[in-house]
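Novice: Sequence:
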Amino acid sequence: MKLTREMVNELDEFLMSEESPEDCMQLSDLDGFLTGIVVGPELIMPSEWTPFIWKDGGPSFKDTEQAERIMEIIMARYNEIISLLDDEASSFEPIVYSGPDGNVIAADWAEGFMDAFSFRVDAWEPLLNDHDKSYMMGPIMALVHDRDGEAFIDGSPDELMKIREESTEVLPHAIKEIHDFWKKRRSPSNDNVQTFGKKVGRNEPCPCGSGKKYKRCCGGN
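Residue numbering for the sequence shown follows the working numbering, beginning at 9 and increasing consecutively.
Just so you know, the hints here were simulated from the structure itself, not pulled from any lab data.
Wrong hints could be hidden among the right ones.
Unchecked claim - So the derived label-pair ranges between C-beta atoms look like this: (1) P59 <-> S98: 38 to 46 Å; (2) V178 <-> D138: 17 to 25 Å; (3) K63 <-> V129: 25 to 33 Å; (4) P165 <-> R194: 37 to 45 Å; (5) A97 <-> V16: 19 to 27 Å; (6) N111 <-> D138: 27 to 35 Å; (7) M24 <-> H139: 38 to 46 Å; (8) D20 <-> P134: 30 to 38 Å.
Said to hold, decoys possible - Each computed EDC-like pair below joins lysine to aspartate or glutamate, with the alpha-carbon atoms no more than 20 Å apart: (9) K70 <-> D109; (10) K63 <-> E21; (11) K191 <-> D130; (12) K10 <-> D20; (13) K170 <-> D138; (14) K10 <-> E119; (15) K141 <-> D130; (16) K184 <-> D123; (17) K184 <-> D140; (18) K70 <-> D140; (19) K191 <-> D109; (20) K191 <-> D94; (21) K70 <-> D20; (22) K184 <-> D109; (23) K141 <-> E96; (24) K192 <-> E21; (25) K10 <-> E73; (26) K63 <-> E133; (27) K192 <-> E133; (28) K63 <-> D138; (29) K192 <-> D130; (30) K141 <-> E177; (31) K10 <-> D138; (32) K192 <-> D123; (33) K184 <-> E26; (34) K141 <-> E73; (35) K192 <-> D94; (36) K10 <-> D130; (37) K191 <-> E73; (38) K70 <-> E26; (39) K70 <-> E30; (40) K192 <-> D140.
Quantities reported herein were computed from a predicted structural model and do not represent experimental measurements.
For glycine and all other residues, C-beta sits at the position ideal for the given N, C-alpha and C.
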């Protein structure tokens with residue numbers, strides 16, 4: 009399924025609706041999360057990472073069709089990220105917000121990426137410990153904060169603002185480099201495009217990733 013702007017808007021509206029958990033991921037951090045899953049050192053199956061999107065339980069899909077539609081859109085973006093990054097002339101662009109002044113805000117996207125990073129922290133060590141390659145994570149680390157809300161990098165407010173602006177600009181290039189770094193180290197079986205589009209039976213696992221049967225989860229709403 010080819011992702012369209014209308015599909016992205018549809019997903020955005022659903023994530024902001026009352027049908028989604030209050031603290032679930034929004035569009036930009038979800039995009040960063042999907043990107044982190046795609047470019048990481050190991051293949052992580054959707055059954056493991058989809059529950060993390062919703063954070064608190066799961067969405068209240070109206071019916072099977074809506075559940076399938078939302079998950080199809082999410083997987084369409086996931087597969088689009090793979091396709092764009094596999095292309096040598098990559099045209100990958102993160103989905104980020106713009107402030108009232110027109111400035112691009114990529115902090116949410118970077119936080120989502122780091123959520124994906126947290127799934128396989130130890131597996132990322134070869135990149136982090138490679139003195140010639142660890143710079144690839146720099147633009148992402150410049151955009152995130154620790155649990156106390158403090159920046160991971162030092163500098164005055166003006167310096168931090170400039171660094172974050174520059175980091176946002178080079179983010180697509182950094183992601184492409186990270187993707188290429190791990191792709192060379194993964195086995196071919198770890199590069200499979202994932203699909204999500206078959207009809208869900210009432211006794212099959214729910215598309216939201218809760219681990220419950222559909223009839224006991226979103227199918228019962």
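Novice: For each hint given before, does the structure comply? Return the numbers of the non-compliant ones in rising order.
Specialist: 1, 3, 9, 13, 14, 18, 19, 22, 24, 26, 28, 31, 32, 33, 34, 36 and 37
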